[in-house]
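S.K.: So the sequence shown is residues -27 to -1, 1 to 967, counted in mature numbering (1 follows the signal peptide of the UniProt record, and there is no 0).
It is worth saying that the hints were derived from the structure and are not from the lab. Since the model is a prediction, treat every value here as computed from it, not as a measurement. Do not take every clue at face value.
Claimed, not checked - Straight-line C-alpha distance at most 27 Å; calculated DSSO-like pairs for lysine-lysine:
| id | residue 1 | residue 2 |
| --- | --- | --- |
| 1 | K78 | K23 |
| 2 | K179 | K72 |
| 3 | K120 | K155 |
| 4 | K155 | K287 |
| 5 | K120 | K72 |
| 6 | K910 | K846 |
| 7 | K95 | K141 |
| 8 | K155 | K114 |
| 9 | K211 | K78 |
| 10 | K853 | K863 |
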Amino acid sequence: MGCREARGLLWRLGLFLPLLTARPADGGHGAANQVVLLDTTAALGELGWKTFPLNGWDAITEMDEHNRPIHTYQVCNVMEPNQNNWLRTNWISRDAAQKIYVEMKFTLRDCNSIPWVLGTCKETFNLYYMESDESHGLKFKPNQYTKIDTIAADESFTQMDLGDRILKLNTEVREVGPINKKGFYLAFQDIGACIALVSVRVYYKKCPFTVRNLAMFPDTIPRVDSSSLVEVRGSCVKSAEERDTPKLYCGADGDWLVPLGRCICSVGYEELDGSCHACRPGFYKAFAGNVKCSKCPPHSLTYVEATSVCQCEKGYFRAEKDPPTMACTRPPSAPRNVIFNINETALMLEWSPPSDTGGRKDLTYSVICKKCGSDASQCEICGGGIRFIPRHTGLINSSVTVLDFVSHVNYTFEIEATNGVSELSFSPKQFTAITVTTDQDAPSLIGMVRKDWASQNSIALSWQEPDFPHGAILDYEIKYYEKEHEQLSYSSTRSKAPSVIITGLKPATKYIFHIRVRTAAGYSGYSQKFEFETGDETSDMAAEQGQILVIATAAVGGFTLLVILTLFFLITGRCQWYIKAKMKSEEKRRAHLQNGHLRFPGIKTYIDPDTYEDPSLAVHEFAKEIDPSRIRIERVIGAGEFGEVCSGRLKTPGKREIPVAIKTLKGGYMDRQRRDFLREASIMGQFDHPNIIRLEGVVTKSRPVMIVVEYMENGSLDSFLRKHDGHFTVIQLVGMLRGIASGMKYLSDMGYVHRDLAARNILVNSNLMCKVSDFGLSRVLEDDPEAAYTTSGGKIPIRWTAPEAIAYRKFSSASDAWSYGIVMWEVMSYGERPYWEMSNQDVILSIEEGYRLPAPMGCPASLHQLMLHCWQKERNHRPKFSDIVSFLDKLIRNPSTLHTLVEDVLVMPDSPGEVPEYPLFVSVSDWLDSIKMGQYKNNFMAAGFTTLDMVSRMSIDDIRRIGVVLIGHQRRIVSSLQTLRLHMMHIQEKGFHV
């Protein structure tokens, strides 16, 4: 039977009938991240594909119920062997893509259901392609085509399916690429199958146009390498501006990944549905950012859109430094209820604040003093004679003290209140005035003043006491100034006697002098002006005679001073050696002082970044700056406090790429957030220990700011344990705890207090090595869901924190030891929540009453005993981390000590609330160490005393016989045996055995 006759037979059998009555279902044709290059289901005319040979594939076109064509290519030459039928598409342009996807929908007949075929039937076909820069009509040459894959069917149909008209449609997708020429051909090779190609769709993937964080990202074609991302910089939407450079990464599947940076709406615009809209009238936005427009503050308004500042109503103002968010204000009214009180030489003024402060708090007062005669209109400013304490302008308090006023004068004091907008108002100033008449008994004026003598630089004056001093004279005030500079400034001095020598004057210069007297009743008025002139060179001789007494007195005083200085230098000369030696010692001490921390040779000490005047200096000192081009971000693995956490690769010059975790600082941060973000790097960069997370470096000179650390494959310890509940041996868990303790010992030795030690802050790598991380609680934990407020402000993780740290914020290595005990409990319980569902307040109260967490199921007694030691209320009694490491090392070297479980040796308390008791020692070796007799371990073991029960029954003769010969050591062991016996009896009474 020939090929065409066989095909006709199959047609009569109705092989392809189901294909002509149903259209292939849409297989995601409308996906947003796909660009279709060819879709046979959408073609309206003939496809026009080429077949080789001509009698191989047949093109069948039928119309569906909507009068749309269904194009099908079918072949079923199964009766003859060695089939080689080719079907080639027309030339397909690849556009900008390099990787192409081919989706084929087809039906295939089960060879076993076709009669008369003896090994000639196949159930697969082959897919080929050939690149070409343009369409050509050359002769078809199969050897020019490259095979993509052999296509097999998941579902094949039989003769019974034909009778039931059941359509079993297969869908297969294959990748083609990279394609470098402008286009390509696809070819389908039939080697003897009964197949119908129902539809072919050719497409490539793209990351479609999108708007993220107010930035627009265009259509982007992924790279051929599926592990490499395409970095795309976005452009801000209309009325927006960049805060940080907006970036997205285009993945191989056409998905946008790792958004970085952002745009923010400009001043006067707010974010709404991914775009920036102008603030409507009556609203404003003063700063760029993704916040909503605000209603205009009180006493301000706006009538236009996109307003950044609302204008003040008439009579209201906004000071230069007032933020736009502040209400408009006005000047205050006048002060009220001014009163005065004269107390001896002082006049005190007090008043009440104005009834209307203008809506502001920056209220100050000024006091203006005027001297008035009998006619109130004849007033003049008081001038420089009056003093105000503390001052007469810029007063914050509503009171002032006036000094140096003159008696029998009418003073008028005007008190004015001002605020930050008083200078902006053109309204008359509001003040309150009060008139005070100083009529108390004051001394009368000084009369005649005479010049006794004058030199080039000095004048000697004298005068008579006033006629009516009205009390004891306290002193005299002499005011003087150059006659030619009367209006500029003056000098003054005081004298107890009615005479004075004024020095420091200019030669041959006229001076004006005023003198007044002060008594307990106050000052008199100034005397009239007296004019005197200093002498020139010829006048000095005449003055010498009047100064002989002064010179002689000065000579005696000078001689006395010389004797005192001689004695002083003799004494200080002997002290020079001591002082120099002390200074050298101090210099040596300072040589070890760096940034306020004493540094000892050979010991590395933690330096708090907060001690730096500029915290950014700490980052550059302790952290290495990384070129961002060496970092390849691959995927987002979580979200941190400051931004996203990604995994990626770091290229190190001369070394292979290493996996890293990358913490990013999200856009829109403030300087304080950037400082807090990099602070952790300043801390981490100081540590170098296998159980401390390693800092690779930071990126601070470009956006986004990043911290790069080593990558820990298994993530946080708590979630890792919950995921693998019950999968580890006790010795493996102890190994994890030992690693954590070793890291904490290193931190403690450096003087660093962690403050947030918890299983969630321990990271685990692929080798189950645990590393301490998250060095952020040097800041206050404000965002930790496990935290609770304390009385001193801020948040701390209550369930992990020692009582003294909760109550008094006393953090130390001892409080870290408490937290380590909680971490032990988390590890042995495989990540259970400490204290379960108890509230934070209940936890605090329970701990205060003596409650401690019970041992998790299957916990060795020695480990729970260590937990209880860590939870001692007295922090000085808790073990140091060096002790913890030594204890865990001992357990690891002697795994048999871990066989005794808590449920085997637990001694229940006699009353509720007490901590369960344990034998103090789980082995003879531990007991000997505790009494400082560890040197006899081998003696006990060799003599057969290998259990505590056997040791408790030893006598003094037994002790001597095993080789303890020193009397003091014998006594110590015997006295300790008594305690051990009592404890063993107590345990055995409870029905337990050790």
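S.K.: Against each hint, give a clear statement of whether it holds in the structure.
M.R.: Okay, the hints, checked on the actual structure:
no.: 1; hint: K78 - K23; in the structure: 19 Å, holds
no.: 2; hint: K179 - K72; in the structure: 10 Å, holds
no.: 3; hint: K120 - K155; in the structure: 19 Å, holds
no.: 4; hint: K155 - K287; in the structure: 71 Å, violated
no.: 5; hint: K120 - K72; in the structure: 15 Å, holds
no.: 6; hint: K910 - K846; in the structure: 33 Å, violated
no.: 7; hint: K95 - K141; in the structure: 17 Å, holds
no.: 8; hint: K155 - K114; in the structure: 20 Å, holds
no.: 9; hint: K211 - K78; in the structure: 45 Å, violated
no.: 10; hint: K853 - K863; in the structure: 16 Å, holds
Taken one by one, the earlier hints fail for this structure at numbers 4, 6, 9, listed in ascending order.
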